[in-house]
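Trainee: Take a look at the letters that make up each chain.
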Amino acid sequence: MMAMIKRNLLLYFRNRSGVFFSLLGALISFVLYLVFLKKSMLASWLQVPDAKVLLDNWLIGGTLAITGITTTLTNLSQLVIDQEKQVTADLELTDAGPLRLFTSYLVSATIIGISMQIVMLGIMWGGFYLTDGLTLTLGSFVNVVGLIVMSSILATAVNAVIIRGIHSEDSLGKLGTIVGTASGFLVGTYIPVGTMPSLAQNLVKFIPGSYVAALYRQFLMDGKLTTAFSGQTTARRHFEKLMGIRLNWSTLLTQRATYQIMGLIFVIAVVLAFMPKWWQVRRQRRQIHER
Amino acid sequence: MLLEAKNLTKTFGDQVAVDGVNLQIKQGSFTALLGPNGAGKSTTMSMLIGLSIPTAGEVTYDRKPRLGVVFQGSVLDEMLTVKENLDIRAGQYRRVPTDRVSVLSKQLGLTSFMSQRYGTLSGGQKRRVDIARALINNPDILFLDEPTTGLDIQTRLAIWTLIQRLQREHHLTVILTTHYLDEADSADNVIVIDHGKVLAWGTAAEIKRRYAGNLLTLAAASPRQLAARIDQQPMRMTDDRLVYDLATAQAAMDILVTNHDLIENFEFRPGSMNDAFLALTGREMR
Chain A
1 MMAMIKRNLL LYFRNRSGVF FSLLGALISF VLYLVFLKKS MLASWLQVPD AKVLLDNWLI
61 GGTLAITGIT TTLTNLSQLV IDQEKQVTAD LELTDAGPLR LFTSYLVSAT IIGISMQIVM
121 LGIMWGGFYL TDGLTLTLGS FVNVVGLIVM SSILATAVNA VIIRGIHSED SLGKLGTIVG
181 TASGFLVGTY IPVGTMPSLA QNLVKFIPGS YVAALYRQFL MDGKLTTAFS GQTTARRHFE
241 KLMGIRLNWS TLLTQRATYQ IMGLIFVIAV VLAFMPKWWQ VRRQRRQIHE R
Chain B
1 MLLEAKNLTK TFGDQVAVDG VNLQIKQGSF TALLGPNGAG KSTTMSMLIG LSIPTAGEVT
61 YDRKPRLGVV FQGSVLDEML TVKENLDIRA GQYRRVPTDR VSVLSKQLGL TSFMSQRYGT
121 LSGGQKRRVD IARALINNPD ILFLDEPTTG LDIQTRLAIW TLIQRLQREH HLTVILTTHY
181 LDEADSADNV IVIDHGKVLA WGTAAEIKRR YAGNLLTLAA ASPRQLAARI DQQPMRMTDD
241 RLVYDLATAQ AAMDILVTNH DLIENFEFRP GSMNDAFLAL TGREMR
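Chain order of the listed sequences is A and B.
For the first sequence, the residue numbers in this note's numbering are 1 to 291.
For the second sequence, the residue numbers in this note's numbering are 1 to 286.
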């Protein structure tokens, strides 16, 4: 399994332009936001103290969530390419077996998701540090890194289910474009969830990445929110709901509830992703007889 | 028998790709599955390997086999070097000696391009690496799906010699598919497959004897007169030429000796694998 993980990572990182564009795909929302949206959003936040820094953190949260989704999907595409080119057939003849093989794709996608999110965090944090003097406390940094790991695992599992239906590299590329474009809206990175029509707001709740984005925002913005809304609980709740810092089911979700929802999505995704592989192993076992 | 297939059948919808194939493969033998494009060779092979599940019939090995497979297309990574490719595959097996890759690279002559990217190799070099990959786990049976298709004649010969050497020196059982008839000529067993059915089975010599006649062409001033003297009907007759399809060389010599006064010139050509193949599979193009 280690050999396969190494292979997938080598293939990903040796394709320099692939890595560059994968990063650019994640960076694009960041750049577009700076160019088009930052000014108008700041204007509507005038009454909030420290608006600039709050908004920066809000954007970092959304962008990291997207990065986790798109980079793990890009790396999982290796699985589809391998299937298309009979590489999977070759690999399944080894002692590794289909289940371990499948797991190795997932592990390498997760590693890619983690490393690309860390790179993105570095770029965005560095940029905002220079322009707006953004700082990060050690506590929130540790929380964010923890979430980077968890969100990569979750995004990998969910993407593994999505790509099950894809059998050619060509349609995979198209799926990548769709996911890349849609995720920015669905996770509420481009526009705050609260300003969306109610149908869209409900749709957002079905996207695992939304919960990840919400948690990122909580970790990144918590300190600033406490000072900005000192004592004004209703105003703070309204703001959190508007900006997708806490998602609203019947009430605003607590951190714990958000984690539980993510956990549930993860378990379902893993079952759906592994079921066909497990079935394949069983069928193959029945097929070849030995005396 | 190392490997036995009984009534192996595979259908894709209405299409019958393999239709009740029976095979027996002996330990250490060299078997060529011969057939035109789309005959069902590759499908048969992938069922023997266990990669595709037969619609009916079964495949039985006399023990848990270690398989080596050279696929029709490249399955190694173009972006990685030869060494990386082989090391990664070696890492996928349990109990592969640590020096296995370097031993194989020497044995198959890969040492000069081990650190080159696989994607930059020539067709013949790539094939040698593919074969090295298939041998990593020291297999009992080596399957090769059209290993020489698309290669030039020198490379084909080199690859072919390599496979035969491996079979002899390492007592490998080799099963390959090909549509090059000259290659089938040197196999222990030739299995001619078409439309998913086994049409003929035996050594190349047996198949040629059974399905390819010997052609005797006679040049004569008066072919009609000559034809009247010979019992057998000619296959073709022109103004100055007669062509006979004969079972044996002896029959040809008899004709030549008894009618030498009427024969101006002659050509005798023993039946080739080509003739047998065309006799079995017809002249239609696929």
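Treat the hints loosely; a few may be bogus.
Claimed, not checked - 27 Å max Cα-Cα, derived DSSO-like pairs, lysine-lysine:
id	chain 1	residue 1	chain 2	residue 2
1	B	LYS26	A	LYS85
2	B	LYS106	A	LYS277
3	A	LYS6	B	LYS197
4	A	LYS241	A	LYS205
5	B	LYS106	A	LYS6
6	A	LYS277	A	LYS39
7	A	LYS85	B	LYS83
8	A	LYS6	A	LYS85
9	A	LYS6	B	LYS6
What the hints assert, rightly or not - Listed next, the stretches of chain A that the computed footprint assigns to chain B, with coverage defined by at least 3 CB atoms under 8 Å from CB atoms of chain B:
id	region
10	168 to 179
11	185 to 199
Honestly, the hints are just simulated from the structure, not real lab data.
Where a beta carbon is used, it is the ideal one built from N, C-alpha and C, also for glycine.
Trainee: Are the hints correct? Go through all of them and say.
Mentor: How the hints compare with the structure:
| no. | hint | in the structure |
| --- | --- | --- |
| 1 | B:LYS26 / A:LYS85 | violated (31 Å) |
| 2 | B:LYS106 / A:LYS277 | violated (38 Å) |
| 3 | A:LYS6 / B:LYS197 | violated (44 Å) |
| 4 | A:LYS241 / A:LYS205 | holds (12 Å) |
| 5 | B:LYS106 / A:LYS6 | holds (25 Å) |
| 6 | A:LYS277 / A:LYS39 | violated (49 Å) |
| 7 | A:LYS85 / B:LYS83 | holds (21 Å) |
| 8 | A:LYS6 / A:LYS85 | holds (19 Å) |
| 9 | A:LYS6 / B:LYS6 | violated (41 Å) |
| 10 | 168 to 179 | violated (count 0) |
| 11 | 185 to 199 | violated (count 0) |
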